[in-house]
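Could you put together the complete structure from these sequences and hints?
Taken in order, these protein sequences are the chains called D and V.
Just so you know, the working numbering puts 218 at position 218 of the first sequence, and the rest follows in order with no gaps.
Just so you know, the working numbering puts 275 at position 275 of the second sequence, and the rest follows in order with no gaps.
Simulated from the structure, these hints should not be mistaken for laboratory data.
No experiment lies behind these values; they were computed from the predicted model shown.
Each residue gets a CB set at the ideal place from its N, CA and C atoms; glycine is no exception.
Be aware that one or more of the hints could be misleading.
Unchecked claim - Covered stretches of chain V (chain D as the covering partner; in silico rule of three or more C-beta atoms under 8 Å from a C-beta of chain D):
no.: 1; stretch: 94–106
no.: 2; stretch: 229–239
no.: 3; stretch: 271–285
Stated by the list, open to error - Label pairs and their calculated CB-CB ranges:
no.: 4; chain 1: D; residue 1: Q100; chain 2: V; residue 2: G270; range: 24 to 34 Å
no.: 5; chain 1: D; residue 1: F37; chain 2: V; residue 2: G270; range: 44 to 54 Å
no.: 6; chain 1: D; residue 1: L15; chain 2: V; residue 2: T165; range: 45 to 55 Å
no.: 7; chain 1: D; residue 1: I183; chain 2: V; residue 2: S65; range: 55 to 65 Å
no.: 8; chain 1: D; residue 1: K161; chain 2: V; residue 2: P123; range: 33 to 43 Å
no.: 9; chain 1: D; residue 1: L20; chain 2: V; residue 2: D180; range: 32 to 42 Å
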Amino acid sequence: MLKTVEIWCLSLGALLLSMLLIAAFIFTTGNSPSEVFHSLYRGAFGSWFSWQNTLVRAAPLMLTALCTALPARVGLIVIGGEGAMVVGGLTAAITGIAIQDAPSFMVMSAMMIVGGGCAGLWILAVGALRHYRNVNETISSLLLNYIAIAVLNFLVVGVLKDPATLNNPSTYSIGEKNMITSIGDSSVHWGLVYGLVVCLAMWFVARRTTFGFAADVTGGNIRAARLVGLPVAKIVLLSCFLGGAAAGLAGVIEIAAIQGRANSSLNAGYGYAGILVAFLARHNPLAIIPYALLLGGIQASGGLLQRAHDLPDATVAVFQGIIFMMILSSEMLYGRIKFLQPKSMIS
Amino acid sequence: MENDIGLWSVLIAVLGGAIRVGTPFIFVSLGECLTEKAGRINLGLEGNLIMGAMTGYAVSYLSGSPWLGVLAAGSSGCVLGILHALLCQNKQVNDIAVGIAMMLFATGIAFFYGKAFIQPSAPHLPSIGFGNWSSSPVIKAALDINVLFFLGVALAPAMAWFLRTTRWGNAVRVVGESSDAALSLGMNINRVRLLSTMAGGGLAGIGGSYLSLYYPGSWSEGLSSGQGLMAVALVIFARWNPMNCLYASLLFGGAAALGPALQSVGINWGYYLFNAAPYVLTLVIMIAASSAKGTVRGMPGEFVK
Chain D
1 MLKTVEIWCL SLGALLLSML LIAAFIFTTG NSPSEVFHSL YRGAFGSWFS
51 WQNTLVRAAP LMLTALCTAL PARVGLIVIG GEGAMVVGGL TAAITGIAIQ
101 DAPSFMVMSA MMIVGGGCAG LWILAVGALR HYRNVNETIS SLLLNYIAIA
151 VLNFLVVGVL KDPATLNNPS TYSIGEKNMI TSIGDSSVHW GLVYGLVVCL
201 AMWFVARRTT FGFAADVTGG NIRAARLVGL PVAKIVLLSC FLGGAAAGLA
251 GVIEIAAIQG RANSSLNAGY GYAGILVAFL ARHNPLAIIP YALLLGGIQA
301 SGGLLQRAHD LPDATVAVFQ GIIFMMILSS EMLYGRIKFL QPKSMIS
Chain V
1 MENDIGLWSV LIAVLGGAIR VGTPFIFVSL GECLTEKAGR INLGLEGNLI
51 MGAMTGYAVS YLSGSPWLGV LAAGSSGCVL GILHALLCQN KQVNDIAVGI
101 AMMLFATGIA FFYGKAFIQP SAPHLPSIGF GNWSSSPVIK AALDINVLFF
151 LGVALAPAMA WFLRTTRWGN AVRVVGESSD AALSLGMNIN RVRLLSTMAG
201 GGLAGIGGSY LSLYYPGSWS EGLSSGQGLM AVALVIFARW NPMNCLYASL
251 LFGGAAALGP ALQSVGINWG YYLFNAAPYV LTLVIMIAAS SAKGTVRGMP
301 GEFVK
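Following this line, the structure appears as structure tokens:
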């Protein structure tokens, strides 16, 4: 219990400190920090319109964050969410195009299974290389991002190109009837619900199942895990697979809910922002949900910041960088603040 | 016959590209090598590279002197390196995560302040035309070599000598091999790592200035395509040996030049696939260079723990 309090206190403290630094940064650009923060709030959560914008951006972030968070629980730092999202979206689009005349329920299921499965295998390969060959998983997952994007570019300007898409080369459409619809009359699509459900499910797996516990043991001390006879290889590989599949699902949603076809929107940076969300949430799938909303909100307000204060779109990246560094710096305070520590039995 | 000339020009373009595209790799990989020799991984060098490219370009444009730009790029890299080192001084803070954060932060800052410099053109770094004897434009282009390349080539043996024989170099190696041994010798581990990360970051910044001030030769947001990150893999491939870093950088430059070289002779098929060549090469090399036991020859001892 006290541990949860400690996490919340330190995370909030880090966020407050980053707000101060961001304010200082805004000040140097000649803007008024309070006005920019007000715009940030209005652009992210100020109206139903901006809420919709935030929610649409938060949906893929929840899923790509899992791609870093789940492997992190077994001790791997995987930053391949971007590539996994591309692989998931691309394979899903190919599936959708191939069977687009089938009933839309079947098309959707097939896209999710193929997209999630392929992306899962993509990150599983990273885990396998790490586990069996000691290849640094951070770098290999990053290289795979570039390879996935190259394959995507190769296919959308080549074999799979729809000649009708000149300015933004894309694949053929998966068909209007196979798209994910919006919730009610909002512009928020059901993909958000997928994201929420997957995060909740992963939280349940991580916190309430034997597998989740075994994963935490493996992440805590792999030699101890081996000693007590845990199937370490299986745990590592499955965690990577689940993380990759989640990011792949983000790609499927991007295809099926927004674009209707695969193109460069698949590598628009959701995978990289997801890394930040995962670290903010300290790799807890449940905490990913509010942080994905926060990050989605910051990104959603980028347009308003540009219009109202003439701040370039990179401003959002600066904010994210400051928050990320502050959160990491707060790590050094864990276990250091006296009144947040449980009373020791031996004093 | 025509086909023959095509193949030759591809080969020459790849060799020229090895030098032209490989130069930033030399600086970044030597910088990463130095940092890792002291027992720390800086994954944020991609950020240093982009930051160096931006400051180098901006200063060159504002002052009219590209060399001042290179200096500014190196200094900006040093500042980022110091920041990384300070954040990592605490044991509970993961250096890889800090690297990712630094990369995000530095890229954001560079794009933010670089917005104003996308349009204007800054004075470039000079190059020496070794191919002027030839009438062939392909050979001329391939042998037009930038001064920074020679600096990089000289830097590799200099760093090897520094690490092998000097007092400071030995300090870096001891800290990287065993922090316990360094402690027992009364060394200030944090200071050695701070200086190595700072110097490494500065080298990466210089590598970045090459990108914006020579090849491709202008500042834009898509300037770097992960060279800073590939450098980390490159150092593993080079087994933490500065001379090997130099050779590996040239190999990577050649791989990266393959796609454009083929395109220049009219082979457009698979342009994007050939663009992936350096990444695939890195991955293959990493798999080949790793071992199931976890230790690799030449690896600083601090990483084994």
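The hints, checked one at a time:
1. 94–106: holds (count 10)
2. 229–239: holds (count 5)
3. 271–285: holds (count 9)
4. Q100/D / G270/V: 24 to 34 Å: At 27 Å between Cβs, range holds.
5. F37/D / G270/V: 44 to 54 Å: holds, 49 Å
6. L15/D / T165/V: 45 to 55 Å: Between L15/D and T165/V, where Cβ atoms are some 49 Å apart, the hint holds.
7. I183/D / S65/V: 55 to 65 Å: holds, 58 Å
8. K161/D / P123/V: 33 to 43 Å: holds, 41 Å
9. L20/D / D180/V: 32 to 42 Å: The hinted range 32 to 42 Å holds for L20/D and D180/V, with Cβ atoms some 38 Å apart.
Comparing the model with each earlier hint shows no violations; every hint is respected.
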